[in-house]
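Okay, here's what each chain looks like letter by letter:
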Amino acid sequence: MTTPLFAIVGHPNKGKSSIVSTLAQDESVTISPIPGTTVDNRYYPMVVDGEMLYALVDTPGFQRARAALEWMQKQPGSSVDRANIVRMFVEEHHDDPRFAAECSLLTPILDGAGILYVIDGSRPFGEEYEAEMEILRWTGQPSLALINMIGDSDYSEEWNNALGQYFRIVRIFDAMTADFDRRVQLLLAFGQIREEWRVSLEKAVRILEEEQQRRRKLSAGRIAETISHMITYTCQRRLGEDVAGSEVRNSLQQAYQQELTSMEQQCRSDVEQIYNHKHLERHEPLVQLLDEDLFATQTWLLFGLTQQQLITTGALGGAATGGVIDLAVGGASLFLGAGIGAMIGGVSAWVTTDRIADIKILGLPLGGKQLSIGPMRNINFPYVVLGRALYHHRMIEDRTHAHRGPLELKQQPAWLQTVDTDRRKRLEKIFVKLRRQETLNPDLVDALAEQIQNLMQLSVAPQTIPPRSRVSEKAPLPPGEG
Amino acid sequence: MTHSSLIGDLIDLNSALKSDRLSDSDEKKQRDRAIGQALQQQRNNPAKQVRGWLDQVRISAWKRDGVQAVQLYHVLCVILVFVGLATGWGLARAVLYYTGNAPINIVNALGLLVLPQIILLLFWLLATIPNSIPLLGSLQSALRFLNPGRLTRHLTRLFPAHSRQSLSLVWDAEYATVLAPATRWLFSFWSQLFSFCFNIGVLLAAFYMIFFSDLAFAWSTTLNIDSTTFHHMLSALSWPWHTLFPDAVPSLELVEISRYYRLEEGSLGNASTASELAVQLGQWWPFLVTAIISYGLIPRLLTLLISWFRFRHHLAHALPRLPGSPELLARMNSPLISTSAPQPESVAEFDAGSGYGPSKSGSYALKCAVIDWSGTGVNAESIAKQLQTMGISSQAFLMAGGTRTTDQDNATIVSLCKLKPEGVAVIVKSWEPPLLEFLDFIHSIREQCNRQQAIIILLWGGRDGVDRRDRETWQLTLRQLKDPDLHIEAMGPVQ
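Same order as they appear, the protein sequences are chains H and E.
Following this note's numbering from start to finish, the first sequence increments by one per residue and tops out at 482.
Following this note's numbering from start to finish, the second sequence increments by one per residue and tops out at 495.
Calculated from the structure, these hints are not laboratory results.
Predicted, not measured: the structure shown is a model, and the values here were computed from it.
Incorrect hints may appear among the rest.
List time: in silico BS3-like cross-link candidates among lysine-lysine, alpha-carbon distance up to 27 Å [to be verified]: (1) E/18 with H/217; (2) E/63 with E/28; (3) E/29 with E/18; (4) E/18 with H/278; (5) E/29 with H/217; (6) E/420 with H/278; (7) E/367 with H/278; (8) E/367 with E/420; (9) E/48 with E/18.
Pair ranges (Cβ atoms, derived) [claimed, not checked]: (10) H/320 with E/160: 55 to 65 Å; (11) E/448 with H/91: 25 to 35 Å; (12) E/61 with H/91: 46 to 56 Å; (13) E/23 with H/258: 25 to 35 Å; (14) H/458 with E/324: 21 to 31 Å; (15) H/151 with E/480: 24 to 34 Å; (16) H/199 with E/305: 48 to 58 Å; (17) H/91 with E/382: 39 to 49 Å; (18) E/448 with H/282: 46 to 56 Å; (19) H/199 with E/440: 37 to 47 Å; (20) H/77 with E/382: 41 to 51 Å; (21) E/480 with H/253: 52 to 62 Å; (22) H/206 with E/34: 55 to 65 Å; (23) H/97 with E/61: 46 to 56 Å.
Ideal Cβ placement from N, Cα and C applies to all residues, glycine included.
Please model the entire structure based on the sequences and the hints provided.
Right, here's the structure in full:
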């Protein structure tokens with residue numbers, strides 16, 4: 001069985017390189033408005049653990065198709081000799097700079113590559129395409145026409161009619177907005193042009209789908225970890241005697257916001273890396289603190305004990321002392337000693353904390369005041385962060401590598417609100433535990449990651465992608481007819 | 001697999017993953033997949049896999065700090081062993097201090113050597129049970145906070161910063177979501193190690209004093225407890241070993257004769273001869289030693305082992321969860337998929353300099369022959385009107401390109417030259433980029449007709465108008481001809 005090979009051919013500037021970039025998930029493909037940027041064939045093999053499943057060949061666009069066809073038409077021979085005539089053309093003009101583009105693009109086809117003929121369906125059909133389509137038909141190789149929708153106008157019907165005369169399968173494919181499913185469907189369609197290639201392409205699709213699931217899982221884990229950190233993050237600063245509280249508040253809030261932003265941005269970059277978008281510029285509004293008063297002032301004591309911990313410690317100490325008395329009277333006190341002891345210990349610690357904090361030993365205070373910000377208690381905050389993360393993930397998952405502009409994350413769909421009650425309950429349960437600072441259990445982060453992965457499967461694509469996916473199939477035409 | 005090597009691997013893995021962040025992702029995929037395939041038999045054990053990866057991977061700028069951290073960890077454990085032994089020995093010597101003047105109060109010995117251990121053991125159990133019970137959480141957090149094992153980390157300040165910083169990863173707040181359970185059990189392990197050694201110290205001191213001196217025990221309390229009640233209490237305390245070591249359970253007789261009053265230089269009930277009494281009072285030691293073993297040593301050995309196993313378990317569990325580990329495992333266990341081009345792309349370089357004449361925007365005063373390139377299908381009348389707005393009067397309409405042959409194009413050029421127009425206007429579809437065959441055509445006009453005549457490329461945008469980007473494409477391409485008499489004009493507004 002031969003490895004499927006597909007030559008992406010067509011007029012210059014009709015999105016051949018964009019399609020290759022999208023299918024090969026390769027940002028290095030040069031996409032330029034100047035015709036003739038692609039000067040040589042470039043191979044993009046899909047290799048899985050050393051096994052090549054298929055290869056795409058990006059080719060230069062036709063430049064002198066009419067002259068080439070005229071040369072071929074002048075050669076003697078019947079229609080069965082046409083493939084040989086094309087081969088003769090390539091052999092004869094191999095070193096002719098006038099036909100460098102034609103020779104380049106025809107070489108892989110003559111070597112057995114399937115033809116993926118690309119046109120721009122947002123521009124009208126023109127008679128100048130006929131010569132190149134005729135040359136491709138002369139090669140006798142299996143072919144598929146791709147209507148690439150570069151602009152907003154739609155001339156696909158017009159093109160369908162024209163292409164249908166030369167190609168058995170015509171498919172509309174938007175290289176810039178095609179999501180994963182559409183890319184996969186296209187690969188499967190390649191398998192339709194030659195039966196023996198179907199197995200390889202189906203295997204390639206299966207592997208790509210598994211890879212997509214792995215990427216989702218990794219992204220969900222990374223997002224869950226970030227959300228856990230963001231919900232539980234606290235920022236503290238000790239208050240000096242001569243420092244104004246408002247100054248500390250402002251700088252602390254700034255530091256808190258910066259840290260949350262930094263966590264979120266790091267997560268974004270990691271998700272982009274997972275999807276092989278290495279050099280992506282991103283525009284996104286910063287996460288908001290939801291206008292909540294997040295500040296709390298508390299007393300700290302020696303060894304870093306907070307007032308609450310000191311009260312608990314005092315209560316424990318009191319209970320232990322009272323417990324000894326209970327023991328001494330053989331339990332006749334019905335553990336009243338432990339109860340009263342705990343109360344006395346706790347209240348004493350509560351009353352004396354501030355005084356202990358003011359005590360200085362060798363000029364060093366035993367304690368003082370500290371201002372802390374966080375953790376975020378607003379119940380909407382985790383949903384806001386999750387919504388943003390899922391939106392970004394969706395945009396990245398759907399973003400093709402043909403896109404070269406910055407990623408704009410402006411509108412956030414409110415689809416999270418439409419998630420069913422059971423899922424919301426499960427999420428809320430996890431968020432409640434996180435808000436209680438129970439992140440010390442990594443299983444909680446795993447549980448959140450699982451929920452996020454489920455949401456990723458459910459999430460609806462933002463309404464930026466027009467539903468363009470049509471196929472028309474016709475009976476194959478013999479070369480030279482139509 | 002000891003947990004100290006797990007600590008080393010954890011620290012090494014973390015630094016490796018950090019150093020690896022900047023490595024090229026394609027290289028990482030290839031390298032890690034190769035290692036993953038070599039470790040295929042450990043696929044179901046992620047901790048083993050990442051440790052195997054650690055053994056095989058080589059990363060530039062990666063500094064392995066694990067060994068120093070493990071050394072520091074061992075030193076801390078040894079310190080705790082010595083401190084525990086010394087404390088236990090010292091406390092037992094103090095509690096069992098006996099000069100022969102007054103017997104050792106067994107209540108005192110139990111109160112200092114056994115009772116606190118029972119209470120602390122209860123606290124330990126309270127801190128380790130799962131906190132699903134409401135209100136227990138804050139108590140547990142306080143107990144965990146008060147765990148003396150936490151203090152051990154402060155000892156690291158006595159050691160060089162390099163190894164200290166490496167080991168501090170285990171309790172670093174940044175890694176709390178991954179390492180908090182392991183940290184908790186590390187502190188528990190340290191506190192139980194100290195306690196176990198403390199009990200060893202106590203027993204060593206007790207045996208030393210029992211073997212090399214005579215000890216006499218008695219019991220004394222101000223509380224209104226009679227011998228029978230006290231015997232009941234001791235019997236309850238001796239319940240765990242009463243069948244195994246019945247001799248280590250004090251009899252009622254021993255309790256009765258051992259009651260001691262300090263009044264009048266001390267007196268013992270049922271006193272017989274001094275030597276007989278000394279033998280009888282010495283019979284308390286099996287009880288005391290068994291109590292320390294039962295309520296101190298054995299539980300501490302158990303808690304030490306539990307802490308050790310739990311710490312090891314959570315460390316191993318944390319390895320595949322460290323930041324970067326899930327991605328590493330994915331690279332190791334998923335097929336290496338490459339879809340990109342193995343070779344760099346060779347791209348044509350274009351001269352960015354200006355070569356053609358700028359648009360004159362209506363200032364042409366020319367009689368031009370008009371050529372429709374590739375069948376734009378524009379009506380000749382509307383073309384003439386458009387041209388008039390640019391100061392161009394149309395002299396003749398000719399066709400070229402499209403479905404016509406190159407011979408027919410050449411014939412068009414011959415006809416054009418015969419007309420000797422002041423200029424040539426070529427109408428093209430703005431959305432179709434200029435191909436080399438079009439440039440050939442322009443070149444032929446220039447070669448065969450008047451070399452100085454103006455050639456005006458008229459961009460026609462169809463029903464959508466001329467797109468700005470299409471005009472730029474034409475401008476960039478025609479610039480390559482470096483023809484100062486070549487102009488580009490858009491028919492209609494540019495979008």
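Comparing the hints with the structure gives:
Annotation: proposed proximity of residue 18 of chain E to residue 217 of chain H holds, straight-line Cα distance about 21 Å (limit 27 Å). Note on residue 63 of chain E and residue 28 of chain E: the hinted pairing holds, with a Cα-Cα distance of about 18 Å set against a maximum of 27 Å. Between residue 29 of chain E and residue 18 of chain E the CA atoms are separated by roughly 16 Å; this keeps the pair inside 27 Å, and the hint holds. For a cut-off of 27 Å, the pair hint linking residue 18 of chain E to residue 278 of chain H stands: about 18 Å separates their Cα positions.
Only pairs whose Cα atoms come within 27 Å are accepted, and residue 29 of chain E paired with residue 217 of chain H is accepted, the gap being roughly 17 Å. A C-alpha spacing of about 58 Å is found between residue 420 of chain E and residue 278 of chain H, which places the hinted pair above 27 Å, so the restraint is violated. As the CA atoms of residue 367 of chain E and residue 278 of chain H are separated by approximately 56 Å, the hinted pair breaks the 27 Å bound. Proposed proximity of residue 367 of chain E and residue 420 of chain E is supported: the alpha carbons are some 10 Å apart, at most 27 Å.
For the proposed pair residue 48 of chain E and residue 18 of chain E, the alpha carbon gap of about 20 Å is at most 27 Å, so the pair holds. Distance hint check for residue 320 of chain H and residue 160 of chain E: the Cβ-Cβ separation is about 40 Å, which falls outside the suggested range of 55 to 65 Å. The beta-carbon spacing between residue 448 of chain E and residue 91 of chain H, approximately 32 Å, falls within the hinted interval of 25 to 35 Å. Judged by the Cβ atoms, the range 46 to 56 Å given for residue 61 of chain E and residue 91 of chain H holds: they are separated by roughly 53 Å.
Between residue 23 of chain E and residue 258 of chain H the C-beta distance comes to about 28 Å, which sits within the given range of 25 to 35 Å. In this structure the hint that residue 458 of chain H and residue 324 of chain E lie 21 to 31 Å apart at CB holds, the actual value being about 28 Å. Range check, residue 151 of chain H to residue 480 of chain E: about 25 Å between beta-carbon atoms, so the 24 to 34 Å window is met. The given range of 48 to 58 Å is respected by residue 199 of chain H and residue 305 of chain E, whose C-beta atoms sit roughly 56 Å from each other.
At roughly 47 Å, the beta-carbon separation of residue 91 of chain H and residue 382 of chain E lies within the given 39 to 49 Å, and the hint holds. Checked against the hint of 46 to 56 Å, the pair residue 448 of chain E and residue 282 of chain H passes, with Cβ atoms roughly 55 Å apart. Roughly 45 Å separates the CB atoms of residue 199 of chain H and residue 440 of chain E, a value that falls within the hinted 37 to 47 Å. Hint check: residue 77 of chain H to residue 382 of chain E, Cβ distance near 45 Å, so the stated range 41 to 51 Å holds.
Checked against the given bound of 52 to 62 Å, the beta carbons of residue 480 of chain E and residue 253 of chain H, roughly 58 Å apart, stay inside it. Between residue 206 of chain H and residue 34 of chain E, the C-beta spacing of about 23 Å breaks the proposed range 55 to 65 Å. At roughly 48 Å, the beta carbons of residue 97 of chain H and residue 61 of chain E sit within the given window of 46 to 56 Å.
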